[in-house]
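Going line by line, the protein sequences match chains A and B. Just so you know, we're using the working numbering here: the first sequence kicks off at 207 and counts up by one. Just so you know, we're using the working numbering here: the second sequence kicks off at 5 and counts up by one.
None of these hints come from the bench; they were simulated from the model. Yeah, the Cβ is synthetic: ideal placement off N, Cα and C, and Gly gets one too.
One side only, chain B facing chain A, incomplete, derived with CB under 7 angstroms:
#1 Ile395
#2 Pro396
#3 Leu408
#4 Asn413
#5 Tyr417
#6 Gly424
#7 Ala431
#8 Arg439
#9 Leu443
Each computed SDA-like pair below joins lysine to any residue, with the alpha-carbon atoms no more than 20 angstroms apart:
#10 B:Lys436 - A:Gly365
#11 A:Lys317 - B:Glu447
#12 B:Lys415 - A:Leu431
#13 B:Lys436 - A:Phe381
#14 A:Lys317 - B:Gln445
#15 A:Lys413 - B:Asn413
#16 B:Lys306 - A:Tyr370
#17 B:Lys488 - A:Gln280
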Amino acid sequence: MAGSNLLSWILWMPMLGVLGVLLMPKDKTTWIKSWALINTVITFALTLVLYCKFDQTQAGMQSAFNVAIPWIAQFNIFYRLGVDGISMPMTILTGLLFMLCILSSWTQIKKSIKAYFALLLLLQSCVFGVFFALDFFLFYVYWEVMLIPMFFLIGVWGGENREYAAVKFFLYTFFGSILMLVGIVALYFATNQSVDSFNILALSGGKFTQLNVTIFGQAVSFSKLFFVFMFIGFAIKVPVFPFHTWLPHAHVQAPTAISVILAGVLLKMGTYGFLRIAFPIFPDSAKYFSTAIAWLGLINVIYGALCAMAQTDVKKLIAYSSVSHMGFVMLGLAAMTVEGVNGAVLQMFNHGTSTAMMFFMIGILYERSHHRWIVKPDGSRGYGGLYTQLPVYSIIFIIGMFASMGLPGLSGFISEALIFLGIYQKFTTITVLALFGLLIGAAYLLWMFKRMFFGDVNPEVKEYNDMTKLEVAYMIPLCIAVIVFGVWPSPILNIMKASVGQLVSLMATF
Amino acid sequence: MHLNYLANIGRYIPEILLVILMVGLILIEATYKEDEKDRRYIFITAIIGLVATFVAILFNMGGKPQAIFTNSIVIDDFSSLLKLIMVLGTIAVVYLSRFSKDIYETLKTEFVIMAVGILIGGFLLASANNMLTLYLGIETLSILSYVMASLKKNDERSSEAGLKYALYGGVSAGIMLFGLSHIFGVLGTIQFTGVAAMIPNLTTVQMAILMPSFVLFFAGIGYKIAAVPFHMWSPDVYEGSPTPVTTFFAIVPKIAGIAVLIRVTSVFFTVESPMKVGWIGLMLVVSALTMTVGNVTAIGQKSVKRMLAYSSISHAGIMMASLVMIGDVGIRAVLFYAITYLFMTLVAFYITSIVQDKYGNDHFDRFSGLIYRYPWMAVMMTVVMFSLTGIPPLAGFVAKYNILSSLINSKFYTLAVILGLNSVVSAYYYLKIVRLMVLKQPESEEAIEGFGFLNQMIIVVMTLPIFVLGIFWETIMSFANVSKLFIN
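One chain only, chain A, in its complex shape:
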């Protein structure tokens, strides 16, 4: 396999999977599942190959893997792919999580299996597309197409209130994308429709600082206006407060595997958008708005944590904890220091693994209890004494929970520490306030743990079986990830270092 086509292989491998699933007869569910599994395993292996061939010293796009083929030459639209230190961790995360999700869906999904796996693989291809695309048009296409499988995956296989959640998710994201599209087109014309007008890399570097546009007779800075447009587009995906209201619904209603994908990968696309697009293209505006972004990040951290504390539905609790943790990523980005941005990218990866663990674990528990109440609406306890009844489950849950909390020795700690190192250099007050977020984070997780795992054994709990071999099997890779990267984060930090450094030095010139 030629190295230069590796990205295309990773991108189209899941599409091959979709094709295969569609060709299989509907009732051969084991074939379909096995095919999907094989497909995702190959894809994951390919991402590992990519990792091995990755040149850590190269700051920009890895020149060995760049792809640029004209798609619609008349309008300078290219099929242009590339990977650098920022997208590389996300690529591995995507490959890993989708593989585990296929395993998790193996027994949990019972209706329309063929459609489910086809849509899941389609989603994977789109996610890779977003992380690889270097052409704005292509990026937008993948960003949008993703809505279609997500809409159906939440809407068909979700919980009781799934339709509402699916529509809300769709409309919210679509709204953000439209603003982004206006920005993309404006950039296209601002650079005179040249060959590079859709090229994300060529647009980067702060070329639009002097440009103005006229809105209602007022001259407005081009850069600031469209930074705000793009910001809203990405912020909805992250989600940054006040655009977060779709998230609890989507998470709670989505089936387990989709919650994992949503929290583990899709939220990262928002912050990835900042890193790849909004910041490098409009560095002056990013700098201008950095205080505001930091405050929004802080609100995310504190508000998300407080909301999480108030939840009685454990899945909703974890959903809000995602809001809180993504706030840390925003803080790291707003700092625009080497430590901050490194921490943010690392947090994107670590949050992907730890939240995925939590959502998987809740899904496993739900399979047994068919409810997710910590405290049932009638006031009685939903669980209690799980620790004595399900020892294996409890241990894995504890690992995930502590990783999510940021306990030293587990992955969350390092990224959060880096973010604090970074943000302290710029915003002292915000740093101090954000530390309270950590405290609340520990509080709601431990309180949840106490109510679910300790105390008297709830009679219902006695009937639960401990984790099956399959369930343990797909949790082990994540356990390894959170522990190994908790003590030895350099495999990830090393690949991102050069690219992050380049971004930070670009930001420093404005």
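Based on these hints, arrange chain B on the given structure of chain A.
The following block gives chain B in isolation, referenced to the frame of chain A:
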């Protein structure tokens, strides 16, 4: 001066073919007895004739643009392309009417004859190069439309639709004629080119008369494409008319109206003048209003046909948006939009019509669980709905993208954002159908006879362009790009 009225009549063959076809159809119709059910020769003849017209237009394309009949008709690639779209739409509707139960068996032949008549009106409009031809086109189109809307004679709603259409149409035609008479009175010519030559150098008094006259003139065209505030008739007419008629109304008159609006705008208002500023301002406001009102009203609808009616209002608004930037970029965008609009509308109405024939109404709930019964049809409808919303990689996205990008190119950021936000609003009601089809369980298990193999095939074939144009749109764009408007 000697005028050769018949010079270049060769370029007029498509229209002549249509007239012959219409007369021929009337003659064939007369050979049937009153209660004879199967009138297949009418349909066969109509389809052959329409295909012949299609081919004739194809031959006409690519040639040098020409004004004929002493400059009252102009044949250029722009009008030819739109005529192709109208003919394709008519062919599809004629086929749809063949098996639709919404039109009385005995009146189906009348429907076909009138459709051809309306098509002639549409051709006239697309090629109109003076005020009189334009007015003739609008009237040919309208008068037959009134009859067509009330084709279900015994149905109250259909009669209401016809009457409403006629009243609105009569009034707006009157208003338009009133405006035209002022334009003629002030400028002394009805030729587009003559008017265009005088517009940049008007005196203040002339301008004071002409400004309102052009607004009145616009009322006539705005009524035809159901631009807000002249749209009131449209949902009632769309809902009351038999479904094939509605399909037809959503395509031919609308595209003809857009065609004439583009021509008027590009002929009259290319040179900078205060009139141009006023006209562009008018188009800006009307287009923003049209898409917004159409979309917002569509949200609350219970009938799919009515929802599609409102959505087609908003699509007309989007096409109008391209008028604010006069020039090739806007025309190219609107031509591409018209092509995709044709296919999306056809598929949506075909499926609605078949479902409606089965259940007797087109309430949203009739689509429940369609995917469990007719998976292909549900998938096609879903594709069309996503395409109408503007989700890539479907043709509807590319169409909207082109309009959006030409708006931004001309620095109409506000209108571009309004257009974008309208897509979000429209997503809500388009998703409603998708939601019902895919996420709900079916109401009944009875087979829907309309979804036979042949019809399913036809629907799939009509959906294919939506995929293809969404990914490989370069060829069609270049095609639209060379289809320039001819200004004499």
